[in-house]
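Between the sequences and the hints, there should be enough to build the whole structure, so can you do that?
So the protein sequences, as listed, match chains D and Y. Numbered continuously in the numbering used here, the first sequence closes out at residue 701. Numbered continuously in the numbering used here, the second sequence closes out at residue 701.
Simulated from the structure, these hints should not be mistaken for laboratory data. A quick note: this is a predicted structure, and the numbers were derived from the prediction, not measured. Even glycine gets a Cβ: it sits at the ideal position worked out from N, Cα and C. No false leads were mixed into what you were given.
Only pairs whose alpha carbons sit at most 27 Å apart, straight line, appear in this in silico DSS-like list of lysine-lysine: (1) Lys26/Y with Lys373/D; (2) Lys154/D with Lys43/D; (3) Lys610/Y with Lys610/D; (4) Lys373/Y with Lys303/Y; (5) Lys26/D with Lys373/Y.
To spell it out: a stretch of chain Y is covered by chain D in this simulated footprint if at least three of its residues, at any positions, have a beta carbon under 8 Å from a beta carbon of chain D; those stretches are: (6) 101-107; (7) 311-321; (8) 395-401; (9) 607-621; (10) 638-646.
Each chain is listed here by its residues.
Number of protein chains: 2
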Amino acid sequence: MTTSNLQAALQPRSIAIIGASQNPDKIGGRPVDYLQRFGYRGKVYPVNPGRPEVQGLRAWPSVDALPEAPDLAIIAVPRAEATEAVQQCARIGTRVSVVMSSGFGEGNSSEGAALERAMVADARAAGMRLVGPNCQGLANFSNGALATFSTMIKECPPADGHIAILSQSGTLGMAPYGLLRRRGLGVRHAHATGNDADVTIAELAAAVAEDEQVRLMLLYLEGMPDPHNLARLGWIAQERGLPVLALKSGRTAAGKAAAQSHTGALASEDRVVDAFFEQHGIWRAQTMEELVDGAEMYLKRWKVGGRSVVTVSNSGAAGVLAADAVTLHGMQMASFAPETRQALEGILPSFANVSNPVDITGALLTDSSLFTKALGVIAQDPAADAFLVAFPVAGAGYDVESYADAAAALEESTGKPVVAASPQPDVAALFRQREVPVFTSESRAVAMLDQLTRHHQRLEEARRRFAGTPLHTGGLLEADPTPASPRMVNEAESLAALADAGVPVVRHRLCARADEARAALETFGAPVVVKGCSSAVAHKSELGLVRLGLRTEEEVVAAFVEMQETTVARGLPFEGVIVAAMERGQRELMIGAHRDPVFGPVVVIGDGGKYVESMPDNQLLLLPCTRDEVISRMQRLRIAPLLVGVRGDPPLDTHAFVDAVLAVAHLMLNATDVQSVDLNPVIVSAAGQGCRAVDAVLLRA
Amino acid sequence: MTTSNLQAALQPRSIAIIGASQNPDKIGGRPVDYLQRFGYRGKVYPVNPGRPEVQGLRAWPSVDALPEAPDLAIIAVPRAEATEAVQQCARIGTRVSVVMSSGFGEGNSSEGAALERAMVADARAAGMRLVGPNCQGLANFSNGALATFSTMIKECPPADGHIAILSQSGTLGMAPYGLLRRRGLGVRHAHATGNDADVTIAELAAAVAEDEQVRLMLLYLEGMPDPHNLARLGWIAQERGLPVLALKSGRTAAGKAAAQSHTGALASEDRVVDAFFEQHGIWRAQTMEELVDGAEMYLKRWKVGGRSVVTVSNSGAAGVLAADAVTLHGMQMASFAPETRQALEGILPSFANVSNPVDITGALLTDSSLFTKALGVIAQDPAADAFLVAFPVAGAGYDVESYADAAAALEESTGKPVVAASPQPDVAALFRQREVPVFTSESRAVAMLDQLTRHHQRLEEARRRFAGTPLHTGGLLEADPTPASPRMVNEAESLAALADAGVPVVRHRLCARADEARAALETFGAPVVVKGCSSAVAHKSELGLVRLGLRTEEEVVAAFVEMQETTVARGLPFEGVIVAAMERGQRELMIGAHRDPVFGPVVVIGDGGKYVESMPDNQLLLLPCTRDEVISRMQRLRIAPLLVGVRGDPPLDTHAFVDAVLAVAHLMLNATDVQSVDLNPVIVSAAGQGCRAVDAVLLRA
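In structure tokens:
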């Protein structure tokens, strides 16, 4: 029923407007206007107790008076009346209500929040779905079902197409609509879900993603209330090869409670969001420009893959700028085969550049065919993965029509990405006419090619990752938004728990008495480390509770006595000292883990030691994660060059470290009472010689 | 004479066109057309042996036939005739020639380069200045002196204004011209200098910067051939408060010869360019967008200073996006005074947000005056340094005119930066009409506010730096583009030279015989370091020529013997061993220096140790540099947090390190035979306890 009710939201056979207004500029008047104006073929039932007719349509005095239960009801009345309207709609069997009224959960009012909860409960009890409240509403331009009060639809008249926009905010959903429509692109869906009290943006997006005509989906999110459905959306998009881009704003304070264990706290919530999007193949746009500028490219059915670019221009300078941009974005300038260069030499004047970037020069003014001929040659060279044609200046004397034709033919013959750059609107228009995506500058064009290829790669990785998994059923890990207040366990217990979980830890012994410490020195052999053990102390070294390199019985006993005194003097529980072997290795790394209130357990890996907070170098992984993913995140660390050995160092035992990371991940997935883990340092030796955690802080629920 | 001849280039009383064409679409025809069409009031002399008249003007058969020596001659004939035309023009006393002809130094042809040199020599011998060759030419729109063949002038008709564009490339100069003109901005100068064979872009820019009407200067550079005049331009701009932005493309291979000493080589040439621009207050734009997007802001006479931003919008989401962008750019969201919040509460509805970002909400549709009233209150709050008003959606029902009026009034009453954001062209147009700079999105607006304030700060710093210096005479340090091939001196000599220069170095002794090494151990006390000394070895540790922590005479002697054998076995000169005290300290930093072929001596400072190349963390300084500049660059290092002490560490002796950096700088400035210095590590101790260079590689010419 859930799905079919959401289908009713997208394809309603009938729509009632509760609070329908005669004035087409009022919130309750606009949907009545739009439904008549933009091709909706279902039944429209204005509900208005004061008028027999609204905007030329027969009106009904109340919900109960309606001749049938509408598929969709728009609630456009003030809050005081809205809750009752929802009850009435639910009672008569309406399948979905779109509640535009505000004053509910969006403010800080507990009264509004309570009303919202009650309203949702009423709807759910009757099997009715509810969009909103405080939402601008839904707009499906494929069938004219415009249950929205957006003014932008009048500013930029709709045209059906292949783009879907879903937004929690009404304005931020219609801003991209306007930008895309002004570029002549059709938009099929533009839905704004407001408070997401029942139907979330993610659930609706997953339903929209089933629309085969949708070939690009843009999301604007302010919160992440429904990661299960977002994961399901990702899964559907992977299956369909549908690119999904999300602009996610606003960094909330949530998740900070999980931060008592320092290393785990390095994973800021926003990074978790980044990791989630990456894992599910969704591109996170940083700005509105990133969200919308590439739309024409995304709608193409190009062979997107490699990252070698060829640039052809009538300006050497544009080629230089493009080459700079390609390098800056980590792409490559393709190297032509000798035959290509020879062939270009046969076509172009002697002072032209026949290497990439190709500079046809002002000779193009004399012979317009040079461009077409050059592209014909370049099309044959397999080195190029994508093409950029750049015209920083063109106008009278330039046969731009023929250049645009040639660019379109290049795309046709190769199936590879072809984009253009021109700062002149009239020049750009000629490329746009031929559906060659065109940007104002070389650097912008290259930036979007970069985004397209990286997004494509991310989507492919996610597809491989989730193919055949039950994720489409929402099988995301459960997160606990309100964890019990965590309790630190002492280092000895922490090390024991980690050793049980399969993490190699330092050879050590917890010594409650001085003579035990003396015996431990004998067992491990000098030098040893002595550390005070107290479940109330997270950072021992700052209290003087760590001594390195102790060699004699006297030193060890003195350390025991002193630490006992220090701990007791501060009124903290003294649970003995840990005597441990001095581990030697090549590099100190770290492993942390905590539970994100939205996304559940995450692991953080990175450079270790004393400065993990002042000079952080770490990467975050959502769980479950694979060995390959751990390795790929290690390769993004600043210290990645050290993993393979530099300046005569042997390579590090990455294999052992990854095993330890996976063991921590396994612990987090299975021991649900473990709130966080902080292993720093994990001393990693040369390849084949393992790694060992020498310090551990573990918090339990 | 140089200056007055350049004034003739900008304000010629008469212009001859050698190669004048009847066809206004040909290179030799366009200037004739433009000079008649766009208000030039001086005399125009077409030179064409075949026609009595060109485009309605009397033509002259030859240069020699001209009735007077023109102030400016345009040479628009093929290369073969151009050199002779230059000679003729020079002979009759022409003050400046603009050579459009190509085929000279711009290709790889040595013939063309030789012709170019000869042509420049001819001009100089006669006291004539030469712009070009291979240039599009000069355009001064204030007096119609359009000695250019740009087609863009027809595409976008000129209008005088306050912006000057100077470019080596013709196309890349006219692309910004077109973008700015289409936004309705006047452009006063658009000059393209081509090969810069005589008059360089920098020299011409310095002359243009003297034009009091110029209030914004944009440069497009492909090379940096004339840093003296660029420094002079910077100086003039600092004096006038003229913002100069430069888009510099193309990373050349020059400067790589200076890279034998590893640390010095970390300063890539492009970083030197960055440092140069920063030092001289010039903003380096990374893209065409950065170059042109802020023009309206730069032309304002705002009080630019602090970086606290206030955002007011009809959309909460836009405020969130703006706040994200402000944080991302390292700016702050201003905090309102309690009175401001109270006053806003009195004006705005209860569900509006009266904190920054201010969300007026859709209530604006009901009461258009809310925006004006809110801005009136906010204007009084001193916390704001700049304002952003954002309308992601507006249209029918919104009184955008009044919002734009209010924004203009806010600017008027505060004198502070006020910018707007709207994706809707018609909404944006209303702000533009009132000269409120407007951007498509919040993030773009914030990015440009960030650029404006940082550029302003950079310009102020440069002004303070150079005030009263003789830099305006071009007193930049001499660089040597063709240094002698450098010779490495051995470590003992290197350390001695650095000690002489005032750099504290490790206590050490060069020992030619084993018994000397034994004696040195006694002098310094165990443990010591023993290092093989050879002027042929830069990286000793990779050859096993470094032993740390030797404690006994036997160990020291064994090391001596072994290193001697190793060195000799490899056929390298053995110059003894250095026995040195084991320095202890808190952090290993590094100091490098080399000579850039364009900009002269530079110093590189950063984190030290074994991984300076695999994990670089360093900053570059042009010389001479001040103590404050060294400190400011240290604060940009990734390791900056360690300088002040973290996690219980004492602060580092930054003072001593800066002294050492300044000593190296002094050495580079005074010992011109020193090609490069590489001190790594420099062991820095806690504050008050100094620093010492323990390893040194020095190259001499």
